[in-house]
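A.B. asks: Could you slot chain R onto chain E? The hints should help.
Line order of the protein sequences matches chains E and R.
For what it's worth, my numbering labels the leading residue of the first sequence as 75, then goes sequentially.
For what it's worth, my numbering labels the leading residue of the second sequence as 128, then goes sequentially.
One should not assume that every hint holds.
Listed next, the in silico DSS-like pairs over lysine-lysine satisfying Cα-Cα at most 30 Å (straight line) [stated by the list, open to error]:
id : chain 1 : residue 1 : chain 2 : residue 2
1  : R       : Lys481    : E       : Lys101
2  : E       : Lys153    : R       : Lys470
3  : E       : Lys134    : R       : Lys501
4  : R       : Lys470    : E       : Lys84
5  : R       : Lys505    : E       : Lys77
6  : R       : Lys385    : E       : Lys153
7  : R       : Lys385    : R       : Lys511
8  : R       : Lys265    : R       : Lys144
9  : E       : Lys101    : R       : Lys470
10 : R       : Lys210    : E       : Lys153
11 : E       : Lys101    : R       : Lys511
It is worth saying that the hints were derived from the structure and are not from the lab.
Keep in mind the model is a prediction, meaning the values are calculated, not measured.
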Amino acid sequence: MTKITKEEVKHVAHLARLNIDEQEAEKFADQLGSIITFAEQLNELDTENVEPTTHVLDMKNILREDKPVDGLPREQVLKNAPDHQDGQVKVPTILE
Amino acid sequence: MSLFDHKLADLHDLLHKKEITIADLVRESYKRIEEVDGKVQAFLTLDEERALARAEELQNKMGTDEGLLYGMPIGVKDNIVTKELRTTAASKILGNFDPIYNATVADKLHAADAITIGKLNMDEFAMGSSTENSHFAKTRNPWNLDTVPGGSSGGSAAAVAAGEVPFSLGSDTGGSIRQPASFCGVVGLKPTYGRVSRFGLIAFASSLDQIGPITTNVEDNAYLLEAIAGLDPNDSTSANVDVPKYRSALTGDIKGLKVAVPKEYLGEGVSEEVRQSVREALKVLEGLGATIDEVSLPHSKYGVATYYLLSSSEASANLARFDGIRYGYRAENAENLIDLYKKTRAEGFGDEVKRRIMLGTYALSSGYYDAYYKKAQKVRTLIKQDFEKVFEDYDVIVGPTTPTPAFKIGEQIDDPLTMYANDILTIPVNLAGVPGISVPAGLSEGGLPLGLQIIGKHFDESTVYRVAHAYEQAANHNMKPEL
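Okay, chain E solo, but in the shape it has when bound (with noise of 0.2 Å):
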């Protein structure tokens, strides 16, 4: 079984925005290691001269006419908003 280090998964974690503690870590760490060993399955193909394909049908970038629409309503997006003030999204404090 490839074998998954718990410094990997807090690494990926960390890249993934996830807070994990260490029982989490290991636990992920077990799990993820049999997944990714059954995804090393696809090795047994070759694959050499084989085209990715990221689209199941001929897809052309469309892009929209370049002129002002009314974007939503600032009430109505600030109403999920956890947090909002002075109409804006209110965060934490990024710089001290």
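C.D. replies: Chain R in isolation, oriented as in the chain E frame:
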């Protein structure tokens, strides 16, 4: 007998003959919810007052030529945003979220004058195969309350099976409409990728997710798809392909139709009773004049691994927006902004969601991108080519929807890999982007529903429906749980 034992077209006739009113339909729904939802736990949010007001409004302006959905009650999976109707994706992190706009499918239902009864339980952010990963409740299978309804659209399938609503919408990323439809004995379709707008569907894996209908019969399913399908300027991944009148495909005639049965779909891991039910279904199709041949989808066994790498990678990006800033849950006592993100997400997401976010972050991280993410994208190509090759010679592919009937609640929840294997027969369909339906195919020895999966070419839902309807009429299973 419940009003919902009637098909949509019959209910429509009853309305126009004035034998029933729209309020009768809406009340029928809430009455049944009152009777059984304490046991089934399919619904997360109900809005009876608004639904009855809408019923009255529609009744007052009813003329003679309304569409079939006019006044019909419907349930909607809780990852489809509905204006001012709480939408949580079954997650604590969206536990207090009241959307300020409608998903395109919700707008289309509203334009067709359907009435939303409430929002349906699911696995958190559509991640799961059992609806045990909801933050709020575990939905139960109406056929046996000790078993799971499947997932992630478990609430959507269970509500229809339990007769709480005549139809519902689910979403399917790796089998999340077809697998619960199979477990609950109802009809569930995953349309071709791009057929239905994803605007307003809370994204899990954007290249795989599709919204689709869950109903008691194929005809209603075809009608509901017709109502929600089509190009949407708000979703650049929705396809500019004409939406046919699907119901005109429901002739019962499949003479000369070429059916492929992949040997991998009846192999190891598929239970004998599931195999047997498919063999019997194939005899029915043969009896109707279809020709049946065994084929191979050689890369299907790599589907689950490919799916978990790709869907988790996309999920890790899509779920980055849940950070406690603009909407949803926010953790208290954070020391700084990064701390706020980390605490909010740790407290707001459940274990399965965290596991997949971390798997995706790992697979996309520097040094592993080529080995995992890009490799999976390449295997996806091989899986898609398998389907294209078979569809050069055949009209549909037929097999089981799931390897086994519904399993017991709690049985697989601590074993992610076993849980992931439930979707082994549905996942390749999402990776290839083709349409697939699950129709009831009888009961197991233990009295649980089994499903037959019918898969078609891109945008050929008509043929999928044609075969599903012909089978449904000929097999005549008439399945309904006692509750």
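A.B. asks: For the pair supplied as a hint, Lys385 (chain R) and Lys511 (chain R), confirm whether the alpha-carbon distance does not exceed 30 Å.
C.D. replies: At roughly 20 Å apart (the allowed maximum being 30 Å), Lys511 (chain R) and Lys385 (chain R) satisfy the hint.
A.B. asks: Lys385 (chain R) and Lys153 (chain E) were given as a pair; does the straight-line alpha-carbon distance stay at or below 30 Å?
C.D. replies: violated, 55 Å
A.B. asks: Below or equal to 30 Å on CA atoms is what counts here, so check Lys153 (chain E) against Lys470 (chain R).
C.D. replies: holds, 22 Å
A.B. asks: Next pair to validate is Lys210 (chain R) with Lys153 (chain E); report whether the Cα-Cα distance is within 30 Å.
C.D. replies: Measuring from Cα to Cα gives roughly 13 Å; hence the hint holds.
A.B. asks: CA of Lys134 (chain E) to CA of Lys501 (chain R), is that 30 Å or under?
C.D. replies: holds, 21 Å
A.B. asks: Given the hinted pair Lys481 (chain R) and Lys101 (chain E), is their Cα-Cα distance within 30 Å?
C.D. replies: holds, 12 Å
A.B. asks: Checking one constraint from the list: CA of Lys101 (chain E) to CA of Lys470 (chain R), max 30 Å. Satisfied?
C.D. replies: holds, 19 Å
A.B. asks: Hinted pair, alpha-carbon criterion (30 Å max): Lys505 (chain R), Lys77 (chain E). Please report holds or violated.
C.D. replies: holds, 25 Å
A.B. asks: Are Lys265 (chain R) and Lys144 (chain R) close enough, with their CA atoms no more than 30 Å apart?
C.D. replies: violated, 40 Å
A.B. asks: Does Lys84 (chain E) lie within 30 Å of Lys470 (chain R) when you go C-alpha to C-alpha?
C.D. replies: holds, 14 Å
A.B. asks: Quickly compare the C-alpha distance for Lys101 (chain E) and Lys511 (chain R) to 30 Å and report which way the hint goes.
C.D. replies: violated, 35 Å
Comparing the model with each numbered hint stated earlier shows that hints 6, 8 and 11 do not hold.
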